[in-house]
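Protein chains in written order, with UniProt numbering: chain A, 1 to 515; chain B, 1 to 515.
No lab work stands behind these hints, which were simulated from the structure alone. Hints may be right or wrong, so weigh each one.
[As the list claims (entries may be wrong)] Rough simulated footprint, nothing fancy, chain B against chain A, three-plus residues with beta-carbon under 8 angstroms:
| hint | segment |
| --- | --- |
| 1 | 76-83 |
| 2 | 91-103 |
| 3 | 172-185 |
| 4 | 200-213 |
| 5 | 265-274 |
| 6 | 288-300 |
| 7 | 405-414 |
Positions of the beta carbon are idealized from the N, C-alpha and C atoms, including for glycine.
Number of protein chains: 2
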Amino acid sequence: MAESQDVLLDKIKEQGDLVRKLKAAKESTEKIQEEVSKLLALKAQLGSEDSAPQKFVLKTPKGTRDYNPQQMTIRNNVLQKIIAVFKKHGAECIDTPVFELKEVLTGKYGEDSKLIYDLKDQGGEILALRYDLTVPLARYLAMSKINNLKRYHIAKVYRRDNPAMTRGRYREFYQCDFDIAGQYDPMVPDVECLKVVTEVLDALDIGKYVLKVNHRRLLDGMFEACGVPVDKFRSTCSTVDKLDKLPWEEVRTEMINEKGISPDAADRIGEYVRLNGGAELANKLLNDEKLSKSKAAVEGLEGIKLLLNYCDILGISDKILFDLSLARGLDYYTGVIYEAVLTQPIKVGNEELTVGSIAGGGRYDNLVGMFDAKNKQVPCVGVSVGVERIFSVLESKLAAGDISVRTNEIDVYVASAQKNFLEERMKICAELWNAGIKTEQSYKKNPKMLNQLQHCEENGIPLAVILGESELKRGLVKIRNITTREEQEVPRANLVEELKTRINALNVKEINGSL
Amino acid sequence: MAESQDVLLDKIKEQGDLVRKLKAAKESTEKIQEEVSKLLALKAQLGSEDSAPQKFVLKTPKGTRDYNPQQMTIRNNVLQKIIAVFKKHGAECIDTPVFELKEVLTGKYGEDSKLIYDLKDQGGEILALRYDLTVPLARYLAMSKINNLKRYHIAKVYRRDNPAMTRGRYREFYQCDFDIAGQYDPMVPDVECLKVVTEVLDALDIGKYVLKVNHRRLLDGMFEACGVPVDKFRSTCSTVDKLDKLPWEEVRTEMINEKGISPDAADRIGEYVRLNGGAELANKLLNDEKLSKSKAAVEGLEGIKLLLNYCDILGISDKILFDLSLARGLDYYTGVIYEAVLTQPIKVGNEELTVGSIAGGGRYDNLVGMFDAKNKQVPCVGVSVGVERIFSVLESKLAAGDISVRTNEIDVYVASAQKNFLEERMKICAELWNAGIKTEQSYKKNPKMLNQLQHCEENGIPLAVILGESELKRGLVKIRNITTREEQEVPRANLVEELKTRINALNVKEINGSL
């Protein structure tokens with residue numbers, strides 16, 4: 001505890017004793033009231049009556065963080081660009097509660113269920129924080145009996161992981177999902193999701209990428225053809241999913257030692273998962289001796305062929321790679337799966353950041369049915385954009401001085417060089433606010449001119465209105481351009497008009513500048 | 001469980017037995033694989049392998065709700081208007097985690113602490129969901145050692161209350177806060193908060209309102225002057241706060257029976273709290289025999305006088321009412337307090353909704369200090385807009401048919417009357433998306449013309465591109481205006497240009513329409 005606090009507490013005790021003494025002595029009300037006032041003033045200094053001295057380390061919970069204004073500006077800019085793409089494709093917006101009945105989440109995430117944040121049982125329902133936005137969407141569709149929906153949902157999700165926060169991974173993080181639900185023709189909504197991913201990544205302009213695609217039915221067929229027992233398909237799939245982080249040898253060892261796959265089967269899988277290409281690969285595999293005998297594999301390959309054809313029509317083929325090593329971790333996918341990966345490290349200051357996967361998704365036709373008593377299916381396909389990694393890259397660029405952001409939008413600062421101009425400044429602020437001009441002023445009665453101009457420069461405010469006695473007497477005020485330092489006197493009566501002209505000119509210039 | 005599901009499970013068991021039998025009999029790999037494929041197909045029908053039949057009632061947690069696209073459109077429109085006002089005043093945006101260390105929230109909310117949602121102890125830190133955005137702001141300021149900040153924060157907060165959901169009160173609800181932190185001159189930031197409230201309510205255009213103001217120091221002084229013991233100021237204040245819902249007689253009874261105030265003191269309080277007015281009332285009370293002897297009361301009254309003077313200068317006096325019955329529930333206020341109340345019921349269909357309080361706030365100079373080891377103070381003043389009530393009113397209006405909302409922004413629907421035009425439609429969609437035109441099409445291969453046009457009408461899509469074989473052969477496509485049903489043939493090569501012209505014309509018209 002700080003010394004000043006101790007001293008204050010002593011004073012309060014002393015003063016309290018004094019008041020009690022006066023009351024006991026039945027002193028005059030006036031005298032008592034005077035001392036009570038002093039006691040109150042002391043208590044006000046101390047803070048709230050139940051204010052205890054801070055005894056714990058002040059921090060946000062593990063794996064979480066505050067977003068300061070610069071980070072929020074970056075975040076809002078990124079999300080705005082993404083939302084614009086989602087809206088261009090006709091997506092509607094929904095939101096769901098941050099927590100769900102625990103039962104809604106149970107049995108949806110396999111091994112990762114241990115990462116779910118549970119709420120304390122405080123009497124009532126057993127709740128848990130959402131782990132993603134996909135299961136809540138499925139619950140929403142089942143609950144509201146909606147059969148068709150193209151929606152986006154941008155919200156925070158929660159995982160009790162041990163994340164590498166330096167790489168933009170947190171326990172509380174944003175997901176940014178676009179999904180199409182409904183019974184439609186094969187691959188038509190699926191390819192639109194791929195198109196959306198390319199538009200988002202192009203809009204964000206974060207470098208070259210490849211959009212890997214594969215098909216769960218093909219993976220199933222491939223495992224079948226390689227002699228993996230049916231009950232080990234999902235766990236083998238999870239192991240294949242690690243190929244983007246581990247070399248094949250390690251993945252092979254895990255398959256054999258942990259998943260109980262025979263070395264022969266593992267080696268056969270190894271042959272397939274090194275393959276990638278385009279439609280010609282799909283055609284080749286349709287003639288593969290083993291795969292062609294698996295109904296699942298043929299279904300998957302036919303799906304991939306159709307998807308690649310549609311990619312061609314939409315003009316995104318140059319960004320697509322059919323890749324048999326792509327598996328995706330989650331259990332619930334049933335058809336096409338995809339993942340966008342940046343193919344170049346991103347330059348940040350003098351260093352290079354390797355980002356890797358930046359968006360992913362796939363088809364999940366059975367998830368809604370899990371919530372329906374009659375198992376009624378609503379087929380879905382969707383994509384989730386890894387915005388946290390994008391935020392993280394941009395924040396690094398900001399820290400390295402590669403980019404700068406403006407955290408407010410103020411166009412005009414109302415200043416005065418002289419004392420006793422607060423009320424005049426207020427009048428002008430009110431006038432400008434009422435005219436819709438983004439305006440601020442100092443909250444001090446007599447701020448220094450230097451501080452006021454410094455505030456404008458630090459905050460990128462382009463214009464200042466400067467009030468002075470001599471000008472006001474002549475019915476004039478000065479407008480100062482903060483960048484050029486040019487000042488011009490204009491009639492007080494025309495101020496709004498004059499400022500609007502200058503703001504419009506500035507905005508046009510800014511747009512010219514950034515083209 | 002549905003019967004079909006049972007039948008399916010039986011079939012899977014049967015097929016599994018068959019596969020095992022074939023394997024045991026060492027049948028040919030081909031034969032075994034064929035049967036395994038069938039087994040896989042059956043399992044795919046069943047859904048995910050761990051899919052259990054739904055056994056619980058499908059719902060969102062008590063006191064929470066999903067927002068559907070219509071509700072989200074309303075919500076986003078309201079928030080956009082509010083954010084525009086906050087930005088006009090130079091506010092920056094921050095965000096904090098949805099949960100805090102439990103210790104951060106402890107001792108901040110008085111009796112209401114029982115409403116905090118705790119997270120389960122899963123090993124690690126003890127966490128709780130945020131109860132408001134004010135305490136997280138104070139924690140943020142103390143932690144980041146920031147002395148000045150004008151910020152807005154719009155996010156959900158959590159209270160285990162038993163809310164009347166029909167009146168727009170939930171356990172999970174949005175708060176929409178604007179606060180100014182920093183050591184400034186008296187009432188200068190405070191009056192800007194009042195100005196912000198008036199601008200927000202005017203922008204939302206939800207009817208006449210009055211902005212009640214009072215001062216915690218005046219309340220303290222008033223309690224003192226009426227003979228309330230110092231240690232009962234806060235609890236008496238909580239009781240006075242109920243005056244907007246209860247008649248004076250009941251409040252008086254609570255004071256006497258529950259808070260231990262003498263009947264005389266209660267009656268004296270009763271005399272004061274019925275007073276309201278403007279600057280003349282403040283002057284009158286400064287000459288009040290009892291109040292003028294209380295240092296606290298005089299401080300509060302001087303503050304109110306200054307505030308009312310500034311309100312005059314900002315041109316908002318006609319909306320302000322100095323009201324001695326305004327107390328505000330929370331403990332942490334230390335200076336001016338205020339609350340905006342709608343003075344007229346809102347017409348919804350044939351009924352009238354009484355909304356009451358719609359925004360409130362005040363000065364809290366000691367909250368940040370509670371988080372600082374050295375009790376360093378950062379004075380703050382702020383306002384919270386009751387957006388949930390506003391959402392609730394607008395949703396009622398929507399339900400009553402008083403307003404309508406469009407949940408998507410699509411300008412062009414690409415349709416075809418003939419079969420086998422999917423790929424042609426896709427090509428055109430890609431072209432329009434690449435040109436930045438908000439476009440959609442049916443995800444079906446051969447949708448019916450009627451269904452396509454119906455979709456446009458239901459979703460307010462203004463234009464359709466209609467593809468036909470005979471037109472395409474001549475290098476033409478049709479553009480249809482959905483409202484007027486006019487159709488026009490344009491060259492396929494000029495389509496983007498032609499659509500952009502029409503979209504711009506529509507937008508101009510829409511703006512004209514709403515002015």
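Annotated coverage of the segment 200-213 of chain A by chain B, confirmed only when three residues or more have a Cβ within 8 angstroms: That given contact is violated, which follows from only 0 residues of the segment 200-213 of chain A lying within Cβ reach (below 8 angstroms) of chain B.
Do three or more residues of the segment 76-83 of chain A come closer than 8 angstroms to chain B, measuring C-beta to C-beta? violated (count 1)
Coverage claim, chain B over the segment 172-185 of chain A, checked by counting residues with Cβ within 8 angstroms (three needed): It holds, with 5 qualifying residues against the three required.
Tell me whether the statement that chain B covers the segment 91-103 of chain A is true, taking a Cβ distance below 8 angstroms and needing three residues at minimum. holds (count 12)
Per the coverage rule (Cβ-Cβ under 8 angstroms, at least three residues), is the segment 265-274 of chain A covered by chain B? Coverage by chain B is violated for the segment 265-274 of chain A (0 residues, Cβ < 8 angstroms).
At a Cβ distance under 8 angstroms, does chain B reach at least three residues of the segment 288-300 of chain A? holds (count 4)
Annotated coverage of the segment 405-414 of chain A by chain B, confirmed only when three residues or more have a Cβ within 8 angstroms: Coverage by chain B holds here, the residue count being 4 at a Cβ distance below 8 angstroms.
Of the numbered hints stated above, those contradicted by the structure are hints 1, 4, 5, listed in ascending order.
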